[in-house]
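Protein sequences, first through last, are from chains H and X.
When we follow our numbering, the leftmost residue of the first sequence carries the number 1, and every step to the right adds one.
When we follow our numbering, the leftmost residue of the second sequence carries the number 1001, and every step to the right adds one.
Calculated directly from the structure, the hints in this document are not laboratory data.
The model shown is predicted, which means the values in this text are computed figures rather than measured ones.
All C-beta atoms, glycine included, are put in the ideal place defined by N, C-alpha and C.
Check each hint, because a few of them may be wrong.
[Claimed, not checked] Restraint ranges, calculated between C-beta atoms of paired labels, are given here:
(1) H:GLY72 / X:PHE1018: 16 to 26 Å
(2) X:TYR1030 / H:GLN14: 45 to 55 Å
(3) H:ILE54 / X:TYR1030: 22 to 32 Å
(4) X:GLY1029 / H:ASN28: 40 to 50 Å
(5) H:LYS78 / X:GLY1029: 46 to 56 Å
(6) X:THR1070 / H:LYS78: 17 to 27 Å
(7) X:SER1058 / H:ARG97: 14 to 24 Å
(8) X:TYR1030 / H:ASN74: 30 to 40 Å
(9) H:THR13 / X:GLU1016: 17 to 27 Å
(10) X:GLY1041 / H:THR76: 22 to 32 Å
(11) X:THR1028 / H:GLU59: 38 to 48 Å
Chain by chain, the residues run as shown.
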Amino acid sequence: EPEVTQTPSHQVTQMGQEVILRCVPISNHLYFYWYRQILGQKVEFLVSFYNNEISEKSEIFDDQFSVERPDGSNFTLKIRSTKLEDSAMYFCASSDRGGPEETQYFGPGTRLLVL
Amino acid sequence: GNSVTQMEGPVTLSEEAFLTINCTYTATGYPSLFWYVQYPGEGLQLLLKATKADDKGSNKGFEATYRKETTSFHLEKGSVQVSDSAVYFCALSDTGTASKLTFGTGTRLQVTL
Chain H
1 EPEVTQTPSH QVTQMGQEVI LRCVPISNHL YFYWYRQILG QKVEFLVSFY
51 NNEISEKSEI FDDQFSVERP DGSNFTLKIR STKLEDSAMY FCASSDRGGP
101 EETQYFGPGT RLLVL
Chain X
1001 GNSVTQMEGP VTLSEEAFLT INCTYTATGY PSLFWYVQYP GEGLQLLLKA
1051 TKADDKGSNK GFEATYRKET TSFHLEKGSV QVSDSAVYFC ALSDTGTASK
1101 LTFGTGTRLQ VTL
C-alpha cells in the first residue's frame, strides 16, 4: 500500500541553524500539507500546497518557514533560523483531491529538537 | 474559528471493555469529521470518517456518528483489544479546496489484559 515517507526521523539542531525536513508524498497525490505537534499539545496545521504554490498557511508559518516541491516526488519544509519553540514533531500529509471530504494520508513524522 | 474538544486521557480499560471517547466540535459551515489513530512510533492513520450529518463512519469495530444537533462525533467500540492501545485524534476539515484539518488534543487509550 502506498505511504507517505519522511526523513529524517529525528533531527537535533542548534538554535539559529537552518533545517530542511523532507517528505515523499503518495505518488499520484496533488495536495500536500505540513502539520506540527509540540509535545503534549494539539496537532496544528502549518501550510497546504497545491499546483506548486501555497494554498493556505497558518499564523505559525511565518517568514522563517518555506515549502518547496523541488522535483516530482519530494516536498520539503525549511526553517531558516530555528528557535527553541520550533521543537516539535512535524508531520507531512498528502491527498489526491483537496476537498473537505478527502482523506489526508500522514507520514510517520520528523521529531525536531532545537537546542 | 474551528475547534475540536476531546476528552482528556489517558483512558485505561480491560480487554473486552466498552470504549467511548468523546469529541465535540465548533465549526462554520458543514465540515467533514475524522478519527485518526497513532500507534506507537507510527504516523497518523485514518480510522474512520463521516462527511455529512447523521452519517456513521465505521472501521475495525470502531464507530462514530456525525451528530449535527449536538456537534459531536464520539468514538465507540464494543469490545477493545490490547492491540487498540494507541492515541486517538478527532479532527474536522475546513470547507474549500486544500482543506486543512483541525485536531483535538488526542486521547491515549491503554488496554490491559
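Against the structure, the hints:
Under the hint 16 to 26 Å, the C-beta atoms of GLY72 (chain H) and PHE1018 (chain X), about 47 Å apart, miss the expected range. At about 46 Å, the CB distance of TYR1030 (chain X) to GLN14 (chain H) agrees with the hint of 45 to 55 Å. A C-beta distance of roughly 25 Å is found between ILE54 (chain H) and TYR1030 (chain X), which places it inside the suggested range of 22 to 32 Å. At roughly 28 Å, the beta carbons of GLY1029 (chain X) and ASN28 (chain H) sit outside the given window of 40 to 50 Å.
Between LYS78 (chain H) and GLY1029 (chain X) the CB atoms are about 33 Å apart, so this pair departs from the stated range of 46 to 56 Å. The hinted range of 17 to 27 Å is not satisfied by THR1070 (chain X) and LYS78 (chain H), whose Cβ atoms lie roughly 43 Å apart. Checked against the given bound of 14 to 24 Å, the beta carbons of SER1058 (chain X) and ARG97 (chain H), roughly 22 Å apart, stay inside it. Roughly 35 Å separates the CB atoms of TYR1030 (chain X) and ASN74 (chain H), a value that falls within the hinted 30 to 40 Å.
Distance hint check: the CB atoms of THR13 (chain H) and GLU1016 (chain X) are about 46 Å apart, inconsistent with the given range 17 to 27 Å. Separation of GLY1041 (chain X) from THR76 (chain H) is about 23 Å and conforms to the stated range, judged on CB atoms against 22 to 32 Å. In this structure the hint that THR1028 (chain X) and GLU59 (chain H) lie 38 to 48 Å apart at CB is violated, the actual value being about 18 Å.
In summary, the structure is inconsistent with hints 1, 4, 5, 6, 9, 11 from the numbered list given earlier, while agreeing with the others.
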